[in-house]
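K.L.:
Chain by chain, the residues run as shown.
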Amino acid sequence: MKDRIFRVNLTDMTTTVEDVPESWAGHGGRGLTSTIVAAEVDPTCHPLGPKNKLVFAPGLLSGTVAANSGRLSVGGKSPLTGTIKEANGGGTAAQLMARCGVKALILEGQPADDKWFSLAVTPEGVTIEEETELVGKGNFAVLETLSTRLENNPAIITIGPAGEMKMAAANISIKDPDGGIRSNGRGGLGAVMGSKRVKFISVTPGDAKLEIADPEAFKAANRTFAKALVDHPVSQALGQYGTNVLVNIINESGGLPTKNFTQGQFEGHEKISGETMHDTIKERGGRVKHNCHPGCVIQCSQVYHDADGKKLTSGFEYESIWAMGADCCVDNLDHIAMADKLMDDIGIDSIETSVAFGVAMEAGILEFGDGEGVCRMLKEDVATGTGLGRVIGNGAGSVGRTYGVTRVPVVKNQAIPAYDPRAIKGIGITYATSTQGADHTMGYTIATNILNVGGAVDPLTKEGQVELSRNLQIATAAIDSTGMCLFIAFAALDNEECLPALIDLLNARFGISLTADDVVNLGKYILKTEREFNEKAGFTNLDDRLPEFFYNEPLSPHNVVFDFSGEEIDTFWDF
Amino acid sequence: MKIKVKLFAYFRDNRFMEEFRDYPKGTTVGNVVDGLDIDREEVGVLMTNFRHTSFEAELKEDDILAIFPVVGGG
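Protein chains in written order, with this note's numbering: chain L, 1 to 575; chain V, 1001 to 1074.
Quick caveat, the hints were computed from the structure, so don't treat them as lab data. Note that beta-carbon positions come from the ideal geometry of N, C-alpha and C, so glycine has one too. Certain hints may be false.
[As the list claims (entries may be wrong)] Stretches of chain L that chain V covers, calculated by requiring three or more beta carbons in the stretch to come under 8 Å of a beta carbon on chain V: (1) 243–254; (2) 433–447.
[Stated by the list, open to error] Simulated crosslink set (EDC-like; lysine to aspartate or glutamate; CA at most 16 Å straight-line): (3) V:Lys-1006 / L:Glu-270; (4) L:Lys-271 / V:Glu-1018; (5) L:Lys-282 / V:Asp-1013.
Using the sequences provided together with the hints, build the complete structure.
P.N.:
Pasting the structure below:
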C-alpha cells in the first residue's frame, strides 16, 4: 500500500487523503513531524488555538517486522515550552497506523462549539464522530469501554482529563498490547489534542500490509539487527531490572536529584531501586519482563503488583520512580506505583507532574516524603481540575511562579529529568541546548558519562561534553525518525554491525541507498529545522541556559556547580 | 585496611549487597573483583567514593567501592 498523508480539519469537519509531497517522502517519525510543523504551523501561534496542528507519524520502519520499530511520534507547538515538540511512545498505534498507509496524520483547525469527537483511521481514510460517553473519563475507562465498543482490536490513542482540561503537562496515551498504557509524555501535546476536542483516535488496518521493496534483504538485515540488540548486555539488564536499574548507579555517582534538586543522593535509594522492584515483582507474582509494543526484543517494561497480588501499574519507569521518589523524597515504592497509575489514568506526564510536586513540597503545600498526600492530591485536585490541581497540571514552572519558589528545575519551562547537570555535566548541555526544553532522551550522555557505553567521558569535568551531547543529539534525531526505540542506541554505540544493519533495513524497506553520512545529515537537518522554528517563535541562544541555582548552589556529595559559560554552551550549534 | 564493598543488580545474587571487608595494603579494584569471583568482562562500571575508577586503581583505607554489571536505562 502506498503511504499517504491523512488530514483532518476540525474547523469544517472535513477529512482528506493526499499524496506525500516529494520533500516529505524520505522522512518519518520525528523528522516528519518536525518537517510538517515547520512547514505548516505559524511559530508565533497560540499552541492551544486553531492555528496549531497536531501531527502523528509512525517511524520509517514502523509496521514492518523490524525489531523495536513500534514508536509513534507526535509533534506540534508545545503549550508547555512554546517550542516545537516531538514526543514518541510505544504501544500498538505506530505499527497499525503504518499498515493503514498513514505516512502522517495531521489534525488542524478547531471546532467552533464545545462538542467532543473521536476519529477512526482505516486504510480508506479518517471518519469523525461525535463522542459523548467517554468525555471526562480517565484513560483506563476509555480503553475498557472501547475494548467492547470497537471491533478488531484497534490501536487506541487517547487523552485523559488533563488533556481535556488543556493542562500543559497533559500527555497522549497509547494502548499497549495488553491493554496497559504507554505515553507520548512530554511537552503537553495532550492539551493540543484536547484543544482540537478529539478525545480518542482508533486505528484499524484490517488486512492491509506494508510494501517492502526488497523482502529478502530486509529479512537478512533484521536478523543481524535483532541479534545485535539481543546480545548487548545492556539489553539483557534492561529486561531483567527495567530502566529502574539506574536508581542505584545514578545515586552512587552523586547525580540523583533529590529533595527538589538540593542533594545528589537519596537516603531511601535502595527502597525504590530496580533491584528492590525486581524482587518485589517476583514475590507478588507480577511480570519482570513486558514489551510495550509487539516486536520489542528488549522488554524493559514490567507489570508491578500491589501487596495483594493485583496489578497496580505497568511500564513503571526509572524517570517516574526517580521523580516521585528521590525528588519528592518518597521512599515507598507502592505509593510511587499508585501515583504512576493515577498519572496514567489522568493522562499527565509523570516527569513534569512529579517534579511539579517536588517544587510544591518546597513551597510547603505538602511535606517531602508524603506519597499518600501526592496520590490524594492527584485524585482530588489534578484529576478534577481544582485551582491547585491546574497549577500542578501546568507543570513545575507553573508551581514555581504561583508560589514564588526560585529553585525551579526547568529549561524552556520543561522539567529537568533524573540526572543532575551539576554532577553529570554532559546531560546539562543536552538540557540547555535541546530544541524542546529539558529532555534527557534528546541526547543521552548518561550512556558515556556514567555507563561506559560508547566510550567514557568523566561526568564531573567540562571536557568533551559539548561534543558528546552534539553527536548524541544528531544521532538521536535520526533514530527518532526510524520508529526505533532509543534503547537500540546502546547496541548501536558498541556493536559495529548494529547501525549498518539499521541502514540496510531502511534501504531494503524503500529500495534506496542511504549511507551512514546520509543518516548523520538527516539528524543535523532535523535539529536545524527545529531550531529555526524556535527562532521564529522568539527563542534565542539566551534561552539555552540552565536555571540560576545550578550555577550557584553546590550539589552534594561532590559539591559541584554547573560551570559552563554561555559562550561555551553556544558552541553546541557549531555544525 | 577496611573497604566498604557495594554490589549491584545480579552481582548480589549469592554474594551480598554491601559489606565492610578487610584487604591488605596495595589491593587494587581488580583484586577485589577477582576475589569475589566476578568475571571482569561482566563489569560495566566501577566507582570509588562516587567517582569512576578502573581495575588498576589501588584502594586506600575506608574507600567505598561500588561494582556494577553492564547496565543501562533512561
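K.L.:
Now tell me, hint by hint, if it's right for this structure.
P.N.:
Hint-by-hint comparison with the structure:
1. 243–254: n = 9 at 8 Å, threshold three: holds.
2. 433–447: Since three or more residues must qualify, the claim that chain V covers the segment 433–447 of chain L holds, with 5 doing so at under 8 Å.
3. V:Lys-1006 / L:Glu-270: Judged against 16 Å, a Cα distance of about 12 Å means the pair holds.
4. L:Lys-271 / V:Glu-1018: Distance of about 14 Å is within 16 Å: holds.
5. L:Lys-282 / V:Asp-1013: holds (15 Å)
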